[in-house]
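*Asks:* Single-letter residue listing:
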Amino acid sequence: MAQLTFREAISRGIAQEMRRDDTVLAIGEDIGAAGGVFKGTVGLFEEFGPVRVRDTPISEQAILGAAMGAAMTGLKPIAEIMFSDFFAVCWDIVVNEIAKSRYMTNGQMTFPLVIRSGNGGGLRFGAQHSQSVENWAMMVPGLKVVVPSNALDVIGLMAAAVRDPDPVIFLEAKSLYASKMEVPDGDIVDTLGSAKVLRQGGDATLVALGAMVPKTLKAAEELAAAGIDCTVVDVRSLVPLDTTTILREVAATGRLFTVEENPRLCGWGGELSSIVSEEAFYDLDGPIVRITTPHIPLPAADALEDMAIPSVERIVATVTTSMGA
Amino acid sequence: MTTTTSTALDLDAKLELYRVQVALRQFEKRAYDLFLENYVKGTSHLSLGQEAIAAGFAAAMRSDDYTFATYRGHAHTLARGVPMTPVLAELMGRTNGLMAGKGGSMHLTSVEHGVMGSYAIIGAHLPIACGAAWSAQYRGTDQVAVCFFGDGSTNIGAFHEALNFAAIWKLPVVFVCENNLWMEYTRTTEITAVPNPAADRASAYGLESIIVDGNDVDAVYAVASAAIERARAGEGPSLIEALTYRHGGHSRADPGKYRPDEEVAQWLAKDPIPMYHARLLAEGASEELLVQIELEVAAEVDRATEEAKAGPTPGADLLMKDVWADGGSAWRN
Ligand SMILES: Cc1ncc(C[n+]2csc(CCOP(=O)(O)OP(=O)(O)O)c2C)c(N)n1
Ligand SMILES: [Mg+2]
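As given, the protein sequences belong to chains A and B, one line each in that order.
Take 1 as the starting number for the first sequence in our numbering and just add one per residue.
Take 1 as the starting number for the second sequence in our numbering and just add one per residue.
These are calculated hints, taken from the structure and not from any lab test.
Bear in mind that the values here come from a model prediction, so they are computed numbers and not experimental data.
One or more hints might be untrue.
Distance ranges between label pairs, derived from CB positions [what the hints assert, rightly or not]: (1) GLU306/B <-> PRO297/A: 56 to 64 Å; (2) GLY186/A <-> GLY327/B: 31 to 39 Å; (3) ALA8/B <-> MET139/A: 29 to 37 Å; (4) ASP64/B <-> ASN96/A: 20 to 28 Å; (5) LEU304/A <-> ASP142/B: 29 to 37 Å.
Note that beta-carbon positions come from the ideal geometry of N, C-alpha and C, so glycine has one too.
Make a model of the complete structure from these sequences and hints.
*Replies:* Listed below in structure tokens is the structure:
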């Protein structure tokens with residue numbers, strides 16, 4: 001066991017896979033000797049050298065194009081897009097090329113690649129360096145989307161993403177990079193498409209993702225103290241989506257709250273609400289409630305950003321009001 | 001302009017270059033007819049007049065080298081040895097198509113022939129070709145990636161990102177700009193800061209400025225061989241500008257009326273196929289042999305047409321297949 005930060009878990013997960021398989025390579029801006037802008041690749045350059053851990057120019061299309069071309073010819077690249085906001089300058093490669101080429105070629109090609117990216121707010125970086133883009137990625141057929149909420153899951157899901165034969169968008173919540181937890185030694189391999197029930201309670205089911213998970217757990221503790229006992233589910237993977245676990249946990253309590261960092265429209269919770277309404281309507285004892293960032297660009301000022309992103313207080317207040325307590 | 005002596009290839013090899021060009025020409029003429037007859041749906045972009053580039057490069061490539069083409073990719077696909085029937089059937093949306101009808105004219109791909117896709121978003125495949133070249137470099141396979149694109153494509157960011165990337169990583173990739181003077185309906189010199197859209201940009205990436213007569217298949221073959229050899233030897237990428245002209249419009253039934261008649265006439269006089277026909281006669285080939293090649297190709301095109309037309313249209317079983325590597329499309333449990 002060792003105390004590991006979320007950011008250390010990223011390099012540990014990548015190193016675990018690079019040791020196992022020499023077709024796994026890492027590329028990105030400043031990921032080599034510098035160890036990454038968020039220090040998510042510290043130690044990789046020293047262990048694996050400049051051929052397998054390679055710095056790139058500021059050329060997001062070239063980075064992802066290179067990853068795609070390498071993946072279709074037998075390698076398993078892990079490419080970094082420093083801030084997920086920068087997907088906007090290389091989205092063509094992600095959406096039109098990587099996501100569609102297997103289908104278009106009638107299965108002639110596979111793309112075993114991972115694109116990791118710092119995602120979300122909380123760092124007061126303003127509207128162009130704080131977006132939560134999980135909903136962008138989720139709506140594109142052909143992409144798997146993984147969003148871990150803690151260091152242990154980072155390692156296991158990174159391993160699962162690298163081993164998966166399909167393209168995986170791996171979103172790292174920037175506000176969690178410094179978070180710490182005890183992580184066992186040895187190899188850790190998780191599975192994509194499995195949600196985790198983190199807490200069981202009889203009154204309501206709160207479903208959260210990424211940086212919203214620790215906040216939701218905290219909120220659940222406060223709610224429990226006030227007499228509302230909540231189940232908390234960490235979605236972990238938007239595609240594939242573990243609807244079995246979610247539907248079961250919603251049926252058990254009769255109430256669903258989603259806690260989403262993405263702006264309101266077309267957030268993952270909207271899709272989840274639709275699934276639950278269609279398939280578990282008669283299990284519901286009250287309306288589904290979505291707790292999201294409002295539909296605005298994120299402001300930079302700490303006071304404003306804190307109002308925008310769902311907070312522990314907002315989760316507690318919304319659940320309390322909706323439960324009629 | 002790079003010139004070549006025509007001693008690099010023996011007569012048999014040149015006859016094969018002739019056959020390939022004639023095949024590309026006759027295939028695409030048939031594809032156009034089938035389009036007018038509504039057998040070919042959607043859109044299609046023909047390389048009529050530009051065949052020497054695809055033929056010359058394919059001849060210089062090793063069978064395990066990689067081709068990256070654009071939506072104007074029928075010629076590049078066929079030139080690598082992909083049979084006519086699956087290509088035509090793909091254009092017609094049949095299950096015996098190269099991708100069972102799921103890709104269409106603009107996305108021809110045959111991994112077993114090294115045709116690593118045809119890409120319909122301008123510029124996108126230049127970085128992807130870099131990736132295949134990077135992979136060959138890492139795996140130590142000596143494979144080379146050859147990436148074709150148009151003059152208009154030199155003005156998109158991906159072109160510049162890819163050129164710089166390939167140069168700094170010394171990737172075994174050959175970028176081939178088919179300068180047919182037109183970006184869709186706009187003359188490329190009117191929207192480009194330099195007269196030669198590729199060659200004049202080469203120095204910005206530390207590369208040699210290379211222009212070749214893209215209608216002379218021997219010249220193309222010579223330039224291609226040199227660039228591919230350089231890439232295979234680990235000396236890095238090349239950027240080649242091949243001057244050519246499309247005989248028809250940009251796509252579908254575009255009559256190409258925006259082009260001055262004299263310009264079209266001047267380039268029709270430089271049609272690569274009659275030019276090569278004349279050269280082969282001068283170099284000792286018999287007219288009978290050349291006519292025989294043309295007739296054999298015509299029979300092949302007829303056969304492919306019948307086989308493609310006989311192909312079944314795809315059923316629902318294909319619709320939900322192969323989003324994922326497991327063959328399916330499930331996004332939830
Ligand atoms: C990013 C993007 N912008 C615009 C288009 C529409 N488009 C398709 S072909 C084309 C012209 C390309 O000209 P060029 O690169 O010279 O190739 P050519 O068609 O002459 O072979 C354009 C603008 C596109 N497919 N992708
Ligand atoms: Mg052009």
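*Asks:* Each hint needs a verdict: does it hold in this structure or not?
*Replies:* Verification of the hints:
| no. | hint | verdict |
| --- | --- | --- |
| 1 | GLU306/B <-> PRO297/A: 56 to 64 Å | 59 Å, holds |
| 2 | GLY186/A <-> GLY327/B: 31 to 39 Å | 33 Å, holds |
| 3 | ALA8/B <-> MET139/A: 29 to 37 Å | 53 Å, violated |
| 4 | ASP64/B <-> ASN96/A: 20 to 28 Å | 27 Å, holds |
| 5 | LEU304/A <-> ASP142/B: 29 to 37 Å | 57 Å, violated |
When held up to the earlier numbered hints, the structure conflicts with 3 and 5 and fits the remainder.
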